[in-house]
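Q: Fit chains E, R and G with the ligands to the supplied structure of chain H, relying on the hints for placement.
Protein sequences appear in the order of chains H, E, R and G. Residue numbers for the first sequence follow my numbering, so the first one is 1 and each next one is one higher. Residue numbers for the second sequence follow my numbering, so the first one is 88 and each next one is one higher. Residue numbers for the third sequence follow my numbering, so the first one is 404 and each next one is one higher. Residue numbers for the fourth sequence follow my numbering, so the first one is 597 and each next one is one higher.
No wet-lab data here; the hints were simulated from the structure. Any given hint might turn out to be false.
Derived Cβ-Cβ restraints for the label pairs, each shown as a range [to be verified]: (1) R:T446 <-> E:I225: 16 to 26 Å; (2) G:S611 <-> R:T446: 25 to 35 Å; (3) H:T43 <-> R:A565: 58 to 68 Å; (4) G:L716 <-> E:Y251: 20 to 30 Å; (5) E:I225 <-> G:L654: 32 to 42 Å; (6) G:D1113 <-> E:I176: 29 to 39 Å; (7) E:I111 <-> R:A417: 33 to 43 Å; (8) R:F518 <-> H:N28: 45 to 55 Å.
Beta carbons: idealized from backbone N, C-alpha and C, even for Gly.
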Amino acid sequence: MAYYKSYVMVWIALIVLTGATVGVSFLNLGLWNAAVALVIASTKATLVGLYFMHLRHEIKLVIGFALFPLLFLALIIIGTLSDTMTR
Amino acid sequence: MPDLTALQGTEASLASHDVDAVFIFILVIAAFFFVLTQGLLIYFAVRYRRKKGEPPAKTPYITGKQWLEVVWIVLPSLLLVGIFAYGVIIFVKMRTPIPGATDVQVTASQFQWSFKYPDGRTYSNELHLAVGKPVKLIMTSRDVIHGLFIPDYRQKQDVLPGRYTYLWLLPKRIGTFDIYCSQYCGTGHSLMRATLTVMGQNDYLAWEQSEKQKQQSAGASPKAKGKALFDSSGCGGCHSIDGSAKVGPTLKGVFGSTVTLADGKQVKADEEYLRESITEPNEQVVKGFQPIMPTFKSTLKDDDIAAIIAYIKTLK
Amino acid sequence: MASKEKAGKGAPVAARLGIWTFLATELLLFGGLFTAYTVFRITYPDLFHQEHLKLNRLLGALNTVVLLTSSLSMAVAIAAIRQGKKRLMQAGIVLTLVLAAAFLAIKYMEWTEDFARGLYPGSNLFFGLYFVMTGLHGLHVIFGMCVMLYLVVQGQRNRFSADYHTPVEITGLYWHFVDLVWIYLFPLLYLIG
Amino acid sequence: MSQTESYLAHKGFKSWALTMDHKRIGVMYLVTTHLFFLIGGFLALLLRLKLLSPGPALFSAHTYDVLFTMHGAMMIFLFIIPAIPSSLGNFFIPLLIGARDVAFPKLNLFSYYLFVSGILVILISLVQPIDTGWTFYTPFSAENSAAVTTVSFGLFLVGMSSILTGLNFIVTIHTLRAPGMTWYRLPLFIWGMYGTSVIQVLSTPVIGITFLLLVAERLFGVGFFDPAKGGDPLLFQHFFWFYSHPVVYVMILPAMGIISEVIPCFARKPIFGYKAIAYSALAIAFISFLVWGHHMFVSGMSTTAGVIFSFLTFFVAVPTGMKIFNWIATLYKGSISLDSPMLWALTFIFLFIIGGLTGLFLGSLATDVHVHDTYFLVAHFHYTMMGGTVMGLFSGLHYWYPKITGRMLDERWAKHAWWMIVVGFNVTFFPMFILGMQGMPRRYAEYPAKYHSLNVLATVGSWLLAVGIVIMFANFIRSLNRGAIAPANPWEALTLEWQVPSPPPEENFEVIPTVTDWPYSYGKETGDTRGK
Ligand code: HEA
Ligand code: HEA
Ligand code: CUA
Ligand SMILES: [Cu+2]
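Pulled out of the complex, with its shape left as it was, chain H reads as follows (with noise of 0.2 Å):
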């Protein structure tokens, strides 16, 4: 039963981070727009990781595997940006 019900906690907060994130787009906040719905996705993110797809429960291997990917979509957006940013 205790899967179940952290399962529906991880729903509810997920559906709480939508709405409010939701709300806080209808903010004016310049940047700071950008970086809070990211900062909530991510959020978001990390708990359906953790919780439904069972990260926190993983051998490091796994952990590892799922990781190390993130790395590099970060090397294509950053080697990019190198260029476009600096023309």
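A: Showing chains E, R and G with the ligands alone in chain H's frame:
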């Protein structure tokens, strides 16, 4: 090269000797490692060779040597940083704006270069410069990506549509030099060549003077306007006016001739045919050619087209 | 909760490594789009701001809720089969399928609305990104639905049990990934354009 | 010998088409990819033939463009990327780590069929062949013949096949090692393949999305790469090279793996610096993701980015150099027999050093401006790909031929072919360095007369090369039936694949072996054990 003979004469343009120097610097380091590695490789292969059918000799059980490995990590790393730094310094020098440079607008199109001077004179596939006078090439493309490459100047820069890229040149030697298109741009890529003529400062002034006069005396006759448009629109990139075939058919003597189309039909090349060839080039495709000619419907106004046709008629 | 034990009941390590590796490739597939988004968003902030207002924020939020809920039902299905509760698993997957279909239906409504207002992939860079990103995501939803349909059929044939349910686990991970992508697409496109 | 049947025992089309045996799938890849090597090579001969004369000759410029596009695309996507990983990798990874098959045999077969369907889709496009060059730069490719869409789709399938193969290998290497086969007891070929697989998995999806975007650009007018719509043609190049640079190490790492097996075996000495070689494979794989911008120094990319990418580029040379020094040190005081696999391995080192060192001229900003997109570049990449990867592949083919087919190759013919190819290769490609330094641009159907004589030389070289290759393949085919029966371990190598019969039985190992030592203990019993 780095044609090594260049080292003896005057360099062709600013920094071309510097580039050669970087080249030689890398060459020396590369040669060192080349001789070292290949030498040992061949020496060991011969020295420790086992004859056919012989049983293997005793070999020592060596699995590593730490200090050696450290040396061949650290030493190359240092040299590489050196190569990197030298390359950057010269690159930056090549790309630094030269004060007092004259602007020349460069427009690349399939498959032709057009060079426009500040006073509006435009030349197709010819660039004239005065020795010792810096110029700034402001380059853009009308269609796909091209690349302006002057081997003797050790300079190259891609030319993009929708954007300017720049090249600063400081000619130092009188003569004629090749300009190539270095970025593959289609069927006529290898023929997209131009010449760079560098003249002494007085010769240059004289040339400029006479060109200006020519332009004035030619006045505004449709033929002269047609020729100017022909050059500036890039027609010459694909069409010769001397009878030789390029990417497109020659325009010498087309007017009034009978043209065979790809579908076997034969049509007479009258004014209307020429007009349609320019505005809807892919409607009637000439036999033996690819349907690659762009339409000029939106770029050329009606009387521009009329002027070009008037000019084509004179090509006999 | 003995956490080790729980993981032990999951799919074999090889299957987990396999699917996570696959998700890595998916991440970089979308990575190209995220890169394009970042570049254009920085180059044309005004365009993005003005165009993103044309999207229906509430439908987007609704769709987010739908997809998050489908992730919940998927997670429940997996927890169920780990304990051998086959009926609950079936119910979970069917619910996930229904929610996925609802997601697509809403997306379809949004797209038709956009088309009706003359907004096409070629309209401008923002809508190019919007259609390509949601389109590719939608394709992933459809693919996921096909796999879930297969799971339902297999489940009906009693293929899965507490001891063997690797396909369910793997599909679950895939589905959560599809959810993850949406979690980022939603704010990027609808909220902070 | 065991009584179990060889994996080749079953005959008939179905036994191949539906097989899930990694060895058979490997052989199918081997045949498919080499077919494209021969076809691609044949196209290259036509290219060279046209370049025999500087002016218009033989066929039109358009045909020439189609030919080099097909040559480059086939060689890269259909031959060299899958050539070692999917064929020799498939065949030998399980054998080398002591497993019965790969982790996902069905996926393995599926990935082969993805590859074949990709090829078929690409062949369909030949009705209206494309002439974009293998790099597909926009906006040219966005306006090119309609077949660009078809080809993109075909290459997407080929890419998916490549991803799934990489995925399969990664999981196999992690989970199916025999008892006692610790990471440091893995043969170095496995380390090379591991690095390769990581690159395949992480970079291929980016080319996938790039092709999808190109198609979206063509079909729906999405203008990501179109300046007229505010897009950026250089974005395409960033995406393209984010994949295509790492991919050159997909080509070279497996070849380096083969060399690391062959050198110790034929020098009867343990490999020098095992860990350095192993980790350098991973280092190369990682650094390869950081340097893609070196293809874009003169593209209009910013100077800042150019400086960063140039800096990073040079650091690939460090782990690569380490490997080369290690191999040479392995030869020291060895007892070297120059059988054909070893000859090819030494040729690999010799030619790859030339290719690699010329990479430095390209990596340096100042000199790249001059040699970029000239024949210097063409020479560089043929020295690394043909002189490097393909020579490594040849080494592997000669080394493992007995294991795959159960027959020995004819050593005499192998050596004849070797001479021809080595001489032919250098005569073909060395002049290109000089041509490039003199400024001859690549992809030129016609060229100024001053480049004529060196081009003639290169063309003549290509004929020698062709004769050598024909001899070599004739030897491969002839030995299938006429070669001497191969013993289980003709080279007295220590890796696991040689401990089973040639050709191996269907399930590889009757009993999964337990590994107690690393595979490079050559000379341990006989020689002294200094320096361990
Ligand atoms: C197997 C394929 C392969 C390999 C392994 C390499 C290896 C390298 N390549 Fe190459 N490259 C290609 C295939 C390959 N390349 C292809 C196909 C293209 C062109 C694509 C196209 O445009 O169509 C290309 C293009 C290319 C460019 C772009 C040029 C341009 O377009 O202007 C550059 C620029 O930096 C470059 C650099 C390098 C470097 C630095 C290495 C290094 O990895 C080399 C490292 C090796 C050594 C340096 C030699 C051994 C080392 C020692 C002996 C140690 C000591 C040495 C020193 C300290 C100097 N390559
Ligand atoms: C694996 C990669 C690979 C390999 C092995 C080769 C091998 C060869 N290449 Fe290629 N090449 C490329 C990859 C490769 N190439 C790429 C990526 C490009 C760039 C394309 C572009 O610009 O877009 C290129 C471009 C390229 C050019 C430049 C074209 C130009 O820019 O204008 C040239 C010119 O000489 C050339 C020549 C050759 C030659 C002579 C061989 C020889 O080594 C070939 C040897 C093989 C044979 C000689 C085959 C012999 C077989 C037979 C005779 C039997 C025939 C059988 C059948 C038909 C079934 N190649
Ligand atoms: Cu213009 Cu090539
Ligand atoms: Cu590269």
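Q: Has the hinted range 58 to 68 Å been met by the Cβ atoms of H:T43 and R:A565?
A: For H:T43 and R:A565 the Cβ distance comes to about 33 Å; the hint is violated.
Q: So the hint says 32 to 42 Å: do the beta-carbon atoms of E:I225 and G:L654 match that?
A: 39 Å, holds
Q: Does the hinted range 33 to 43 Å hold for E:I111 and R:A417 at CB?
A: 54 Å, violated
Q: Just tell me: holds or violated, for the beta carbon distance of G:D1113 and E:I176 against 29 to 39 Å?
A: With a Cβ separation near 52 Å, G:D1113 and E:I176 fall outside 29 to 39 Å, so the hint is violated.
Q: Can the suggested window of 20 to 30 Å be confirmed for the beta-carbon pair G:L716 and E:Y251?
A: Taking Cβ atoms as reference, G:L716 and E:Y251 lie about 44 Å apart, which means the hint is violated.
Q: Is 25 to 35 Å a correct range for the gap between the Cβ atoms of G:S611 and R:T446?
A: At 57 Å between Cβs, range violated.
Q: Taking 45 to 55 Å as the stated bounds, is the beta-carbon spacing between R:F518 and H:N28 within them?
A: 30 Å, violated
Q: If you check the beta carbons of R:T446 and E:I225, does the distance land in 16 to 26 Å?
A: Cβ of R:T446 to Cβ of E:I225: about 21 Å, so the range 16 to 26 Å holds.
Comparing the model with each numbered hint stated earlier shows that hints 2, 3, 4, 6, 7, 8 do not hold.
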